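Chemist: Those protein sequence lines, which keep their order, are chains D and A. Per UniProt numbering, the first sequence starts with residue 1, numbered consecutively. Per UniProt numbering, the second sequence starts with residue 1, numbered consecutively.
Keep in mind the hints are simulated off the structure, nothing from the lab. If you're wondering where the values come from, they're calculated on a predicted model, not measured in any experiment. Glycine residues also receive a C-beta, built at the ideal position from the N, C-alpha and C atoms. Among the hints, a few may not be true.
Said to hold, decoys possible - Here are some chain D residues the structure puts well away from chain A; computed CB gaps all over 12 Å:
no.: 1; residue: Ala10
no.: 2; residue: Trp19
no.: 3; residue: Glu101
no.: 4; residue: Thr134
no.: 5; residue: Leu139
no.: 6; residue: Leu209
no.: 7; residue: Gly251
no.: 8; residue: Arg255
no.: 9; residue: Ala327
no.: 10; residue: Tyr335
no.: 11; residue: Ile357
no.: 12; residue: Gly359
no.: 13; residue: Ala362
To be verified - Across the chosen pairs, the derived CB separations fall in these ranges:
no.: 14; chain 1: D; residue 1: Pro56; chain 2: A; residue 2: Arg4; range: 54 to 64 Å
no.: 15; chain 1: D; residue 1: Asp2; chain 2: A; residue 2: Asp120; range: 25 to 35 Å
no.: 16; chain 1: D; residue 1: Gly293; chain 2: A; residue 2: Glu14; range: 18 to 28 Å
no.: 17; chain 1: D; residue 1: Gln40; chain 2: A; residue 2: Thr193; range: 52 to 62 Å
no.: 18; chain 1: A; residue 1: Phe202; chain 2: D; residue 2: Asp129; range: 43 to 53 Å
no.: 19; chain 1: D; residue 1: Gln187; chain 2: A; residue 2: Phe202; range: 42 to 52 Å
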Amino acid sequence: MDFRDSPEEAAFRTRLQDWLAENAKNFPTSGDEYWAKAAQWHQALYSGGFFGTSWPKAYGGQELPPVYDVIVDEELARAGAPARPSLGYLVIGLGRHGSEELRQRFLPGMINGTERWCQGFSEPGAGSDLASLTTTATLEGDHYVLNGHKIWTSYSDDADWCLVLARTDPDAPRHKGISGFIVNMHQPGIEQRPLPMISGVTKEFGQVLFDGATVPADQMVGAPGEGWKLAMTVVSHEREPSTLGFTARYGKTVRNLAARLDGEPSESLRWAAVQTEMLRLHVRRRLSEQLDGLSHGPDGSLDKLLMTWVEQSVGHASLDAGGTRDAELLGTYLYSRSQSVMGGTSQIQKNIIATRIIGLQA
Amino acid sequence: MDVRLTTEQRELREAAARLADDLGPGSVIDLDDADRAARLEKAVAATGWRSLRSDGASGVEVALVVEEFARGLVDVPFLGPVLADDLQARSGAAVESVALAVGGEAVDARGLSAALRLVDNRVETTGVGEPVFGIDLTRTNAAVTDPVTAVGELAADAAQRWQALALVVTTADILGAARGAHALACDYAKVRTQYGKTIGSFQAVAHLLAESLALIEGSVSILRYAAWAVDELDPAEALRAGRFAKVYTERAARTICETSIQVHGGIGNTWECLAHVFLRRALTSGALFPVSLEEIDLGLS
Ligand SMILES: Cc1cc2nc3c(=O)[nH]c(=O)nc-3n(C[C@H](O)[C@H](O)[C@H](O)COP(=O)(O)OP(=O)(O)OC[C@H]3O[C@@H](n4cnc5c(N)ncnc54)[C@H](O)[C@@H]3O)c2cc1C
């Protein structure tokens, strides 16, 4: 057991530090400014050799152990750089359920950042209860025609591609009639409506309306009716803090709050510091466990819940530190509220933990 | 970076868990079963685990055994003797199988007649007198008595490392007790029925138990680092890691034990339900080598 870097890890860390000293300053870390340069940031990080490190070489990765992601997250936070783009769950979803042709066509661009992606799962009538979704995909010759309404689609207005869940068999039982598609976002029949968040950020997510948009039949991920399996893979990986890559940033926020303090730190700030340290170590443990090839099924819900508590305790500390007088601190606080909703609400995570890990009856 | 337990560590943990499950008290009535306690004492003595430290075991290994023993409410001295053993090994004092004294009390001293104590950097042996009041039903403290004899001196670094171990060991005890309380509540939630359903099927109950499990996982992670740090980081860093781990785990454990009482309903508020025995043990280990939130420094690593 060793919490320290191995010699290879240390060399990687040094290379990254040098690279960040040159490059980090060119990229904003939050708000709409961040989103405006997110694609460039992703590509720069990838070109430097610091993104997608654990993924297969065949698709542009380096097949390094997952713990390298910890090093990247830590150094990005330390350097005041933007976070690691979070799309591991899409890579894993497509990697596990897509055909080899689809993987070769789409994974490299997804990983190197030249093609931008979004995730079209949620609908106005289908949030937690995702299987009730009503967007339809109807086969017409060699393509499907999409009609329906997606919402909360992060990053949809900048996206080139959307991983869409749609109903292909209205007569099948609800989990069985859903299929996954890779949909080109640059086409007529797709309308975007931005949705400003409570923090005022306007780029984070929006609504996507499909009105006769088309997708070639061979861009279905998996077989007809296998969309639910794809969805479960994607959302369970979306729940791991290691995938989200934000964890190291909480420590940075706590240090920034501590630095601007006049008197004694508040209790909320101290508690945020303790929780942040817990999460830092928790991510290390979870990523180490992945060396055993453990796949994170329901366990990801524990990670997500812990991460949510940490982010929201940092949010509370930000509010206490002057959030009613400072737009940035308020933004940190308000943004933290979305953590217990996105990627499955905290209530849903607790349902999963209770039934699938503890074994309580639903 | 690879923070998984080794195979040997996992085996040690399983052996400790088995011993605790076999011979620890399975009920409040069992606490008074002297035959069982004698068999437990014999089994623990036979393992040699009270001298894990002087036999070269790391902080991680000690923490694993302590955690499993607390989970199984092992009610013969362990935490105290293990810390005394480390003190003895560091100071070179020639005493064996003794209790640990902290200030005027020998802690976890049931049946022991001598204690070791660290005062500033000085190591002393003391006598062990009459039991004193304590809330823990699984361990007993006793008054320190004469003769008090100085037997050695620790370098400042060694003293700090020992203190880091003391934080780790008490934190492991808290975590183990919390896990025991949680398991008890989960078992109960699967069998107790109301309104024709098991109470675990009510979300209000299920979510409390889910939250407890997340708190346990977080505690495992923060404790593992502190336990590793005892031997691997410089003493000030190790002590700091111990403080973080203890503050987090102590808060978590209180919530987990309180949840266990709540999930048991009326029975949870009776003496015969083990939930309060876990809570008492966790509170006792929290108060031994206490750490407050005010001691947390914000220069995060
Ligand atoms: C910042 C952000 C980004 C997002 N990005 C995306 C994205 O890129 N792509 C995408 O597809 N979606 C995205 N989402 C959507 C997100 O997955 C949903 O908001 C979430 O699953 C909840 O669905 P809902 O909003 O319809 O709420 P509802 O499901 O209507 O829930 C409302 C309330 O009811 C509770 N509730 C519902 N069902 C249960 C139950 N069974 N037991 C107990 N409580 C229950 C919920 O916990 C919640 O408190 C994003 C959301 C946010 C906030």
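Chemist: Against each hint, give a clear statement of whether it holds in the structure.
Modeler: We went through each hint and held it up to the structure:
1. Taking the minimum C-beta to C-beta distance to chain A, about 10 Å, the non-interface status of D:Ala10 is violated against the 12 Å cut.
2. The Cβ of D:Trp19 sits about 20 Å from the closest Cβ of chain A, beyond the 12 Å cut-off, so the non-interface label holds.
3. Every CB of chain A is more than 12 Å from the CB of D:Glu101 (nearest about 36 Å), matching its label as outside the interface.
4. Every CB of chain A lies more than 12 Å from the CB of D:Thr134, the least distance being 26 Å, so the non-interface label holds.
5. Residue placement check: D:Leu139 keeps its beta carbon more than 12 Å from all beta carbons of chain A (closest about 40 Å).
6. With a cut of 12 Å on Cβ distances, D:Leu209 stays outside the contact zone with chain A, its closest approach being about 34 Å.
7. For D:Gly251, the condition that its CB be more than 12 Å from all CB atoms of chain A is violated, with the nearest at approximately 5 Å.
8. A beta-carbon of chain A comes within 12 Å of the beta-carbon of D:Arg255; the shortest separation is about 6 Å.
9. Non-interface call for D:Ala327 relative to chain A: holds, since the shortest CB-CB distance, roughly 23 Å, exceeds 12 Å.
10. Look at D:Tyr335: its CB is around 20 Å from the nearest CB on chain A, clear of 12 Å, so calling it non-interface holds up.
11. A beta-carbon of chain A comes within 12 Å of the beta-carbon of D:Ile357; the shortest separation is about 7 Å.
12. Separation of D:Gly359 from chain A is inadequate, the least Cβ-Cβ distance of about 7 Å not exceeding the 12 Å criterion.
13. Look at D:Ala362: its CB is around 7 Å from the nearest CB on chain A, not clear of 12 Å, so calling it non-interface is violated.
14. For D:Pro56 and A:Arg4, the Cβ-Cβ distance of about 23 Å falls outside the hinted range of 54 to 64 Å, so the restraint is violated.
15. The supplied range of 25 to 35 Å is met by D:Asp2 and A:Asp120, whose beta-carbon atoms lie about 33 Å from each other.
16. For D:Gly293 and A:Glu14, the Cβ-Cβ distance of about 21 Å falls inside the hinted range of 18 to 28 Å, so the restraint holds.
17. In this structure the hint that D:Gln40 and A:Thr193 lie 52 to 62 Å apart at CB holds, the actual value being about 59 Å.
18. Take A:Phe202 and D:Asp129: their Cβ atoms lie about 20 Å apart, and the range 43 to 53 Å is violated.
19. Remark: the range hint 42 to 52 Å for D:Gln187 to A:Phe202 is upheld by a beta-carbon distance near 48 Å.
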